[in-house]
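2 protein chains.
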Amino acid sequence: MVQTRKVLDVLDGETVFPPPVWLMRQAGRYLPEYRRTRKAAGSFLDLCYTPDLAVEVTLQPIRRFGFDAAILFSDILVVPDALDRDVRFEEGRGPLMKPIDAAGIAMLDGSNLLNHLAPVLETVKRLRAGLPDETALLGFCGAPWTVATYMIAGHGTPDQAPARLFAYREPAAFDMLLDLLADLSAEYLCAQIEAGADAVQIFDSWAGVLGKSEFQRFCVGPTRKIIAAVRSKHPQARIIAFAKGAGPLLTDYRRETGATAIGLDWTVPLSFARELQAGGPVQGNLDPMRVVAGGKALDEGVDAIVEALGNGPLIFNLGHGITPQADPDHVTRLVQRLRSL
Amino acid sequence: MVQTRKVLDVLDGETVFPPPVWLMRQAGRYLPEYRRTRKAAGSFLDLCYTPDLAVEVTLQPIRRFGFDAAILFSDILVVPDALDRDVRFEEGRGPLMKPIDAAGIAMLDGSNLLNHLAPVLETVKRLRAGLPDETALLGFCGAPWTVATYMIAGHGTPDQAPARLFAYREPAAFDMLLDLLADLSAEYLCAQIEAGADAVQIFDSWAGVLGKSEFQRFCVGPTRKIIAAVRSKHPQARIIAFAKGAGPLLTDYRRETGATAIGLDWTVPLSFARELQAGGPVQGNLDPMRVVAGGKALDEGVDAIVEALGNGPLIFNLGHGITPQADPDHVTRLVQRLRSL
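Residue numbers (our numbering), protein chains in the order written: chain Y, 4 to 344; chain E, 4 to 344.
One or more hints might be untrue.
For identical chains, the list gives no copy identity; a pair is met inside one copy or between any two copies.
Keeping only pairs whose Cα atoms sit at most 20 Å apart, straight-line, the calculated EDC-like set for lysine to aspartate or glutamate is [as the list claims (entries may be wrong)]: (1) 228 x 89; (2) 236 x 197; (3) 215 x 303; (4) 236 x 186; (5) 42 x 173; (6) 215 x 173; (7) 42 x 186; (8) 299 x 173; (9) 128 x 186; (10) 215 x 12; (11) 236 x 330; (12) 228 x 259; (13) 215 x 302; (14) 299 x 178; (15) 228 x 302; (16) 299 x 310; (17) 42 x 87; (18) 215 x 306; (19) 42 x 136; (20) 299 x 332; (21) 215 x 332; (22) 236 x 173; (23) 101 x 162.
Worth flagging that the hints you see were computed from the coordinates, not collected in a lab. As the structure is a prediction and not an experimental result, all values here were calculated from the model.
Just need the whole structure built from these sequences, with the hints factored in.
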């Protein structure tokens, strides 16, 4: 069968020009149609756990912009939710849950994971059936370090000081938590692949607050473990790993985790991105604020990335999630500019 | 005259062992004596602008720990305060001020700067007279980019999206703001040096949220301008530049700004820190959470830094400010361990 999904061609190491494109958080609050569906749902988690609605919001940006990949609408915190951590999302406050301690970690029970996440897997199944053939379907999970930062603090923080502190104070319990999250993440990603995801992304959004040895232990190790476990069941699994803020550590990160492709945040210099691309496909890395700004700032940002990385395996994306204040017309402009190159 | 201040010896390129030490935010809320003085003052800015009180809190950590340097107690936002931006500090909310726009930038008037900051300069004068001879006195200012992020957003944000967006939308106004802040910062640092500061530090706390070309324009350029302007009046001025989160860009940052020494945050790998030290003195970079944790995490962190950087010009410090929850006894342990090496 001829592969018609450009994103997968890139993940297989090919150079595709113009590069295929999708945007992190492409199904989100910047879209009026998303806001309408969101309003009709009860809580944010209800939206994640109701296949009809989750399919609808996943498809909205595909219909509007024709992105080359759809990403399952869900959240990285469905895993702690499956661990009964009382996860909830409050408007303007971000995610909240019960903070965990060492005793709580020892009692975590992941046996209900796939049962709890069955509606998400159902969403994946319906999506693959409902998407245009040329559109890749991406699943995802949070990386253990990033998920752990929320589990320990009980909420988002700017620098993950609570998790850093916990890791210093309770290294054994912290390792146990990362280990469990790695196992569950692998199980969850395998189930997504079995439900029809063409590729999966591991989000380590808080990798940038760590020193080198902590990055090695908390980010590289668990991510490597996830990837190895997924590949033991699905040897050809395509896996994108995104360690935001990891900067110069990305060279080792790529090599040591075995990720198929690595995501780059907008602070990664394009010269360094080229070096990284010599080792395999890269994804990124437009500053989401350029999409908000539009106009020249947007055009220049798009052009610079394509100029630097377009003659190698590149999936065009943002360097972080698109923000609610982005104008959808600017996204249209981005896609048109990219495809007119 | 023989130089008795070890911090200055290091800034002059010498290797001093054990390395001299001070901690960012060493005069702060983790100290009960600070909290008492803070309570007696009115607002936080009252504390900054009352020489009796500012001298007292600056000296408190010197008395308690015998640090090798005292740093003027003040705040980077006294400069926008001198620009009449209605700066205030509210408990639990951090700094607040009137957000500025392009029209507001065009109307900024810095002519009152040194008049407004006269009490701070008086504090510097009294400090130099009151400190032990072996204790270096450091002045400081915020770097233009970091100060601008607060001026534009009107408050702190986790990723400085408002300032990044403003810079894309209003590049001319943004350059004008950085230019003005660079001029005023240079004037302010010169006045601190003339009042008795032995060295000064430029804090670019939000350098890490920028792409490479923005880092070059918003951080490197204005910091180079400040340093050149200070040196045109004080050719021997010792200037520490601290671009938090700049990672691999620090090599260019050091070379292009002409800083005497560079500060390193805790995410800078020690192997890279050694490379940077080949270019001149470095300062840093213990994770402040290790001070909160204490015990083995603290000892190992101290030892690793000294092992990697102790045989070159090093000022031992944290990789970011000490936090309110740090136990002062852990600071005592840090200093003792360092000095017993």
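Each hint, compared with the structure:
| no. | hint | result |
| --- | --- | --- |
| 1 | 228 x 89 | neither (27 Å within a copy, 52 Å between copies) |
| 2 | 236 x 197 | within (10 Å within a copy, 69 Å between copies) |
| 3 | 215 x 303 | between (33 Å within a copy, 14 Å between copies) |
| 4 | 236 x 186 | within (13 Å within a copy, 61 Å between copies) |
| 5 | 42 x 173 | neither (41 Å within a copy, 35 Å between copies) |
| 6 | 215 x 173 | within (19 Å within a copy, 37 Å between copies) |
| 7 | 42 x 186 | neither (34 Å within a copy, 50 Å between copies) |
| 8 | 299 x 173 | between (49 Å within a copy, 11 Å between copies) |
| 9 | 128 x 186 | neither (22 Å within a copy, 60 Å between copies) |
| 10 | 215 x 12 | neither (33 Å within a copy, 29 Å between copies) |
| 11 | 236 x 330 | neither (41 Å within a copy, 48 Å between copies) |
| 12 | 228 x 259 | within (10 Å within a copy, 41 Å between copies) |
| 13 | 215 x 302 | between (35 Å within a copy, 17 Å between copies) |
| 14 | 299 x 178 | between (47 Å within a copy, 17 Å between copies) |
| 15 | 228 x 302 | neither (39 Å within a copy, 30 Å between copies) |
| 16 | 299 x 310 | within (16 Å within a copy, 49 Å between copies) |
| 17 | 42 x 87 | neither (25 Å within a copy, 42 Å between copies) |
| 18 | 215 x 306 | between (32 Å within a copy, 15 Å between copies) |
| 19 | 42 x 136 | neither (30 Å within a copy, 66 Å between copies) |
| 20 | 299 x 332 | within (14 Å within a copy, 54 Å between copies) |
| 21 | 215 x 332 | neither (40 Å within a copy, 27 Å between copies) |
| 22 | 236 x 173 | neither (33 Å within a copy, 52 Å between copies) |
| 23 | 101 x 162 | within (19 Å within a copy, 26 Å between copies) |
In this structure, the earlier hints numbered 1, 5, 7, 9, 10, 11, 15, 17, 19, 21 and 22 are contradicted, and the remaining ones agree with it.
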